[in-house]
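Taken in order, these protein sequences are the chains called Z and H. Under our numbering, the first sequence has 117 at position 117, and the numbering climbs by one with no breaks. If you count the second sequence from 1, you need to add 186 to reach our numbering.
To be clear, the hints were calculated from the coordinates, so they are not data collected in a lab. Remember, predicted model here, so these are calculated numbers, not experimental data. Incorrect hints may have been included.
Stated by the list, open to error - Per the computed footprint, the stretches of chain H lying under chain Z, defined by three or more beta-carbons under 8 Å from a beta-carbon of chain Z, are:
(1) 194-203
(2) 224-232
(3) 242-252
Here a beta-carbon is modelled for each residue, glycine too, at the ideal position from N, C-alpha and C.
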Amino acid sequence: MTVETTTLIPAVAQGDTVAFEELYDRYSPTLYALLLRILGNAEDAQEVLQEAFVKVWTSAGSYDALRGSEAAFLISIARSRGIDRLRSRRIRSDRENDAGREMSVQSTFVVNRTGSDDAIQSQQGKAVRGALADLPEAQRIALELAYFEGLSQSEIAAKLGEPLGTIKTRMQLGMKKLRERLRAHQ
Amino acid sequence: MTHEDFDSIAALDAAGAATAEESLALAAHLAGCADCSRARDEYAEAATLLALDLPPVAPPNDVRDRVIESTDVVDIASRRGGMNPWWLATAATLFLALWGWREIGIRVAREHMKNQNAEIHQLTEQNTVLMQQKEKLSAEMQALGSSGTQTIALQGQQFAPSASARVFLVPGHRRAIVFFSNLPDNAKDKSYQLWIIRADQPKPQSAGIFDASHGSATITVDNLPVATEIKGLAVTLEPRGGVEQPTNADYVVMGKT
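Only chain Z is shown next, with the shape it has when bound in the complex:
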């Protein structure tokens, strides 16, 4: 199977709607999965996904290929929007009411993989798939709480009942390992 991996953002920055549609088809499954993981709610995830792509459309000109991949650019925008939504929602209600949502989300929405999913996976995912599985569980959990739940270091320390310094060290070590893993596959 031939996979298209041409960088589309420069064309999007020029207002190329065809390139934008292709960009959507290429990355929306990854970004939607990320937003479902963060928000645990399909309606919110779809809304934020739309916001994220509008942001990509309006800020494509700020993308610098020397600083990071196209995927990283889009994921960064989507995660940032998702965490913003999550935090504003937390203010309104106790998120504990959503306990157990992750399992139901995973089981409900992990369906309908497309060819574009494979495109993403081929760029980075395949090469580094399982990187998280190689991390010690304690490091992985701390990183996931920060990345997907938007928790601060002190909130993570309180949630896990561990000293703040321990949490900091775990996250730093985990990130260094992920970076090494990425470097090894570049």
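Starting from the structure of chain Z, add chain H where the hints point.
Same frame as chain Z, now just chain H:
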């Protein structure tokens, strides 16, 4: 901070876990450090592995339609050329810096207020203690000045021959105030205990425990028995907290009425 420190902060920042202060310090450092900027970009790229590790999920088709339609709504002209990106970046950086300073300022002010409240609380407690001491001293002064006050001298015994005490008995107030001098300081695991030797009881009755500091001590005894004859007063050195009856007959000071 060293480059290694900033490298660690960059790792946290990419995971979304750096504090506001750390992010500000990192941003300031990255402006002049290409190596750390590169490290920050690599960590940001590495953080995306967390997202890429998730199984992809295709969103509903109507979302695609809405997203594509939204490109018509957004003003492409202003998006592409309306503003200078350099100017925008500078404005954003300035805004973030000002916001950061404001946040830090608020935190410092909160910390300052917290410290001041703690100090006020401590001073209030000290004031309460001083007020209690003042009331006690006033009561003692009033007792000492009353007409029926009797005075007893207690003399040092073998354990502390130079020790002495003066007892002011105020029967009208059922109170005795004892001032000790040249009393050896008691060890931390010991207490001095004052005993009243009554005519109607074969054993001494405890009148309280106290510590000596720099040879001096004062103890006030309330509810003094007045319906019976007090034959004398004595002090022993006992285990910390006092005992029911003297554990020995080695009186430190002793005196008869």
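Structure-based check of all given hints:
no.: 1; hint: 194-203; in the structure: holds (count 7)
no.: 2; hint: 224-232; in the structure: holds (count 6)
no.: 3; hint: 242-252; in the structure: holds (count 8)
The structure meets every hint from the earlier list without exception.
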